[in-house]
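Work out the full structure, taking the sequences as your base and the hints as a guide.
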Amino acid sequence: VDTSGQLVVIDLATRDIVATHALGGQPDSVAVSPDGRYAAIAIENERDEDLGDGEPPQLPAGFLTIVDLVGAPGAWSLRQVSLEGVADLFPDDPEPEYVSINRANVAAVTLQENNHIVLVNLRNGKITHDFSAGSVDLSGIDTDENDLIEQTASLAAVPREPDGVAWINSGQFATADEGDLFGGSRGFSLFDKQGTLLWGSGNTLDRLAARLGHYPEDRSENKGNEPENVAFAEYGTDRVLFVGSERASLVFVYDVNGVGEQLSLRQALPTGVGPEGLLPIPQRGLFVAAAENDARDDKFRSVLSIYRYGAADMPAYPTVVSADRADGAPIAWGALSGLAYDLTDAGVLYAVHDSFYRKSRIYRLLDGQPATISDELVLRDNGALAAVDAGLVNADMTVNLDLEGIATRRGGGFWVVSEGAGTVGDPGRPVESLNLLLQVAADGTIEAVHTLPASTNGRQVRFGFEGVSAVGQGEDEAVFVAFQREWADDPAGHVRIGRFTPHSGDWAFYYYPLEAPQSANGGWVGLSEIAAVDDQTFAVVERDNQAGPDAVIKRIYRFSVAGLTPLADPAVGTTPGFPVVEKTQVRDLMPDLEAPGGQVLEKIEGLAISAAGDAVVVNDNDGVDDSNGETQLIHLPGLF
389 VDTSGQLVVI DLATRDIVAT HALGGQPDSV AVSPDGRYAA IAIENERDED LGDGEPPQLP
449 AGFLTIVDLV GAPGAWSLRQ VSLEGVADLF PDDPEPEYVS INRANVAAVT LQENNHIVLV
509 NLRNGKITHD FSAGSVDLSG IDTDENDLIE QTASLAAVPR EPDGVAWINS GQFATADEGD
569 LFGGSRGFSL FDKQGTLLWG SGNTLDRLAA RLGHYPEDRS ENKGNEPENV AFAEYGTDRV
629 LFVGSERASL VFVYDVNGVG EQLSLRQALP TGVGPEGLLP IPQRGLFVAA AENDARDDKF
689 RSVLSIYRYG AADMPAYPTV VSADRADGAP IAWGALSGLA YDLTDAGVLY AVHDSFYRKS
749 RIYRLLDGQP ATISDELVLR DNGALAAVDA GLVNADMTVN LDLEGIATRR GGGFWVVSEG
809 AGTVGDPGRP VESLNLLLQV AADGTIEAVH TLPASTNGRQ VRFGFEGVSA VGQGEDEAVF
869 VAFQREWADD PAGHVRIGRF TPHSGDWAFY YYPLEAPQSA NGGWVGLSEI AAVDDQTFAV
929 VERDNQAGPD AVIKRIYRFS VAGLTPLADP AVGTTPGFPV VEKTQVRDLM PDLEAPGGQV
989 LEKIEGLAIS AAGDAVVVND NDGVDDSNGE TQLIHLPGLF
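The numbers in my numbering rise by one with no breaks, and the one at position 450 of the sequence shown is 838.
These are computed hints drawn from the structure, not numbers from a lab. Take these hints with a grain of salt, some might be off.
Per label pair, the in silico range of CB-to-CB distance [claimed, not checked]:
no.	residue 1	residue 2	range
1	PRO703	ALA683	23 to 29 Å
2	THR391	LEU674	33 to 39 Å
3	PRO703	GLY528	29 to 35 Å
The list that follows gives simulated cross-link-like pairs (lysine to any residue, SDA-like), each with its CA atoms no further than 20 Å apart [as the list claims (entries may be wrong)]:
no.	residue 1	residue 2
4	LYS581	ASP685
5	LYS971	GLU874
6	LYS514	GLY442
7	LYS747	ASP831
8	LYS514	TYR426
9	LYS971	PRO937
10	LYS581	ILE669
11	LYS971	ALA950
12	LYS747	ALA775
13	LYS581	ASP476
14	LYS514	ALA621
15	LYS581	ASN493
16	LYS747	ALA836
17	LYS581	SER520
18	LYS581	ASN512
19	LYS514	GLY473
20	LYS514	LEU457
21	LYS747	ARG768
22	LYS581	GLY559
23	LYS581	VAL474
24	LYS971	THR839
25	LYS971	ASP1014
26	LYS581	ASN557
27	LYS514	ARG491
28	LYS747	LEU692
29	LYS581	VAL776
30	LYS747	VAL776
31	LYS581	ALA492
32	LYS514	VAL420
33	LYS581	ALA621
34	LYS971	ASP878
35	LYS581	GLN560
36	LYS971	ASP1013
Even glycine gets a Cβ: it sits at the ideal position worked out from N, Cα and C.
So this is what it looks like as structure tokens:
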């Protein structure tokens, strides 16, 4: 294989390329010594994972290049340091991954696939120490991709296979134990220069990710949160270690203190999708994380996230955390898709998740900064759901629904809605389930299940129930549901607001007029939540399906049904003549979504309104799938 690569030197003032140097291999990382005397480049010559069984050895071998930064950039000299024959695993094919240089000009080099660490004196190019990164026994983690976050499993003798490395002083360094071949210990470690393990994070990062709603369930059978990189810096007297998690899209920030270099978690920072590069800039009080993943169609872009150190005036993250379950693991959560206030305690909210996770449940949140998920209520069927669709009920009577809204009832308990799957007449997306309105007791038992009339189900489009609200009590109770987009026979730009009367079992409908899409990326506009302001006035979230720089419409509107009589559906094939509500914009959420400084989030799917007129909105983080996992719970006091 003919490998090649270049060191390109750029003048930052002019942005001109002032020198290039051939490297003779494929570089993976570069570090400059604190005194500016040397640069070290890890030449990985990465293996082809699709060649044979994908395992090393695959020549040519990798090596370390030392650059003597003496004189003009064009005159710099390069020296190669062979790393062959050093590691116990695949000694003929070292694959150096990352490099960090301490104040003594010693480079720590990780050989990830070799599960080895090498220390090189940059003055003479000699290897001073080398040792295996070893393995880890893990417990209290999730190893099953079953659409549930269950941190109860164990793994034995997992190779660390470190990626990023960073010196924290002249004798100790940290490694991000990502794993790439056989390993991946889901954490990070501290070593001294003799190779003694000083500290390991165990299951800490996986559990922190779950507590913050960032755990990537679809990576449970691989390497969990997958720490990619580490960086260390001193901000004044504060000594700080940054640990980047590629799959959780978080940077964990630790204070490093005391004679024993004790670590304490300071905070966790949300990043773009897949953070790779970490760059502290302490002289400017900044930290930068580079996220490599980019997919406009999936609503996320590659970004640089810039953070200011010690900025008390900046928005805090996280906005939602969870308490522990009885077994000591955090209540795992994500994909919040509906929100409602408790009717008797303004300090309590309820939320639901969508179909990204099985065993549907209601979360109880104690409102605050951040809000805390204090409990979870797993829904169970008493036969009512099985009578409608037995395929949604598990053997233990838990249920798998696509919950998209929740409302608290004045008589106690909840209403929740489950969005149907599929579109009538579409062979590519056939109807697999109906839209359901479910009455749920305070203990999570499903007491009743209501379907739409046959004439309405005959019009089903896959964008269905997206919110629920209830007013009145007893025989006067009425339940209102929001449909996300137009169904068959609906006029363009008009979506349904359904009104269900539990006492009679009748359905009737209004139309709500949508804004036209305004995004440069096209897309659509629809509803994603409904909440009652009073018995005749409602608020909805109207949004486009865009994020980041493509997002335009993220708004709260209100409307009244006073004086309007909803109508039943006519026969399929007939355009309904439902009364059209008149809407008024209450708030443009774009400034609120821009305020945290990250990308504008796509799915604002929860809106709760308190009796005092305070509002709270929350986004659906898609279970950290094609998403950075960020959840923003935003308070809007006195909005109504």
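Status of each hint after checking the structure:
Roughly 26 Å separates the CB atoms of PRO703 and ALA683, a value that falls within the hinted 23 to 29 Å. The hinted window of 33 to 39 Å between THR391 and LEU674 holds, with their beta carbons roughly 35 Å apart. For the pair PRO703 and GLY528, the supplied restraint of 29 to 35 Å holds, since their beta-carbon distance comes to about 31 Å. Annotation: proposed proximity of LYS581 to ASP685 is violated, straight-line Cα distance about 46 Å (limit 20 Å).
With a C-alpha separation of about 17 Å, the suggested pair LYS971 and GLU874 falls inside the 20 Å cut-off, and the hint holds. The hinted pair formed by LYS514 and GLY442 fails the criterion: a straight-line CA distance of about 31 Å is larger than 20 Å. Distance hint between LYS747 and ASP831 is fulfilled; the C-alpha atoms sit about 15 Å from each other, no more than 20 Å. Between LYS514 and TYR426 the CA atoms are separated by roughly 14 Å; this keeps the pair inside 20 Å, and the hint holds.
With a CA separation close to 27 Å, the supplied pair LYS971 and PRO937 exceeds the 20 Å bound. Between LYS581 and ILE669 the CA atoms are separated by roughly 25 Å; this puts the pair beyond 20 Å, and the hint is violated. Restraint check for LYS971 and ALA950: the C-alpha separation of about 13 Å stays at or below 20 Å, so the hint holds. Simply put, LYS747 and ALA775 have alpha-carbon atoms about 18 Å apart, close enough for the 20 Å limit, and the pair holds.
Between LYS581 and ASP476 the CA atoms are separated by roughly 18 Å; this keeps the pair inside 20 Å, and the hint holds. Restraint check for LYS514 and ALA621: not satisfied, since their Cα atoms lie roughly 27 Å apart, outside the 20 Å limit. Restraint check for LYS581 and ASN493: satisfied, since their Cα atoms lie roughly 13 Å apart, inside the 20 Å limit. Between LYS747 and ALA836 the CA atoms are separated by roughly 18 Å; this keeps the pair inside 20 Å, and the hint holds.
Under the criterion of a C-alpha separation no larger than 20 Å, the hint pairing LYS581 with SER520 is consistent with the structure, at around 12 Å. For the suggested pair LYS581 and ASN512, the alpha carbons sit about 18 Å apart, so the restraint of at most 20 Å is met. Under the criterion of a C-alpha separation no larger than 20 Å, the hint pairing LYS514 with GLY473 is consistent with the structure, at around 14 Å. Of the pairs offered as hints, the one joining LYS514 and LEU457 holds, with about 18 Å between alpha carbons and a cut-off of 20 Å not exceeded.
Between LYS747 and ARG768 the alpha-carbon distance is near 9 Å, which keeps this suggested pair within the 20 Å criterion. Taking the CA atoms of LYS581 and GLY559, the gap is about 5 Å. The hint holds against a cut of 20 Å. Of the pairs offered as hints, the one joining LYS581 and VAL474 holds, with about 16 Å between alpha carbons and a cut-off of 20 Å not exceeded. At roughly 27 Å between alpha-carbon atoms, LYS971 and THR839 are farther apart than 20 Å, so this suggested pair is violated.
The suggested pairing of LYS971 with ASP1014 is violated, with an alpha-carbon distance near 33 Å, which exceeds 20 Å. In summary, the hint linking LYS581 to ASN557 is supported, as the alpha carbons are separated by about 10 Å, within the 20 Å threshold. With a CA separation close to 17 Å, the supplied pair LYS514 and ARG491 stays within the 20 Å bound. Restraint check: the Cα-Cα separation between LYS747 and LEU692 comes to about 36 Å, which exceeds 20 Å; the hinted pair is violated.
For the proposed pair LYS581 and VAL776, the alpha carbon gap of about 65 Å is over 20 Å, so the pair is violated. Restraint check for LYS747 and VAL776: the C-alpha separation of about 17 Å stays at or below 20 Å, so the hint holds. For the suggested pair LYS581 and ALA492, the alpha carbons sit about 12 Å apart, so the restraint of at most 20 Å is met. The straight-line distance between the Cα atoms of LYS514 and VAL420 is roughly 18 Å, inside the 20 Å bound, and the hint therefore holds.
Between LYS581 and ALA621, the direct Cα distance comes to roughly 19 Å. Compliance with the 20 Å bound is thereby established for this hinted pair. Among the hinted pairs, LYS971 with ASP878 is consistent with the structure: their alpha-carbon atoms are about 18 Å apart, no more than 20 Å. For the hint pairing LYS581 with GLN560, the CA-to-CA distance comes to about 6 Å; that is within 20 Å, so the pair holds. Between the alpha carbons of LYS971 and ASP1013 the distance comes to roughly 34 Å, so the proposed pair goes past 20 Å and is violated.
Going down the numbered hints, you'll see the structure goes against 4, 6, 9, 10, 14, 24, 25, 28, 29 and 36, while the others check out.
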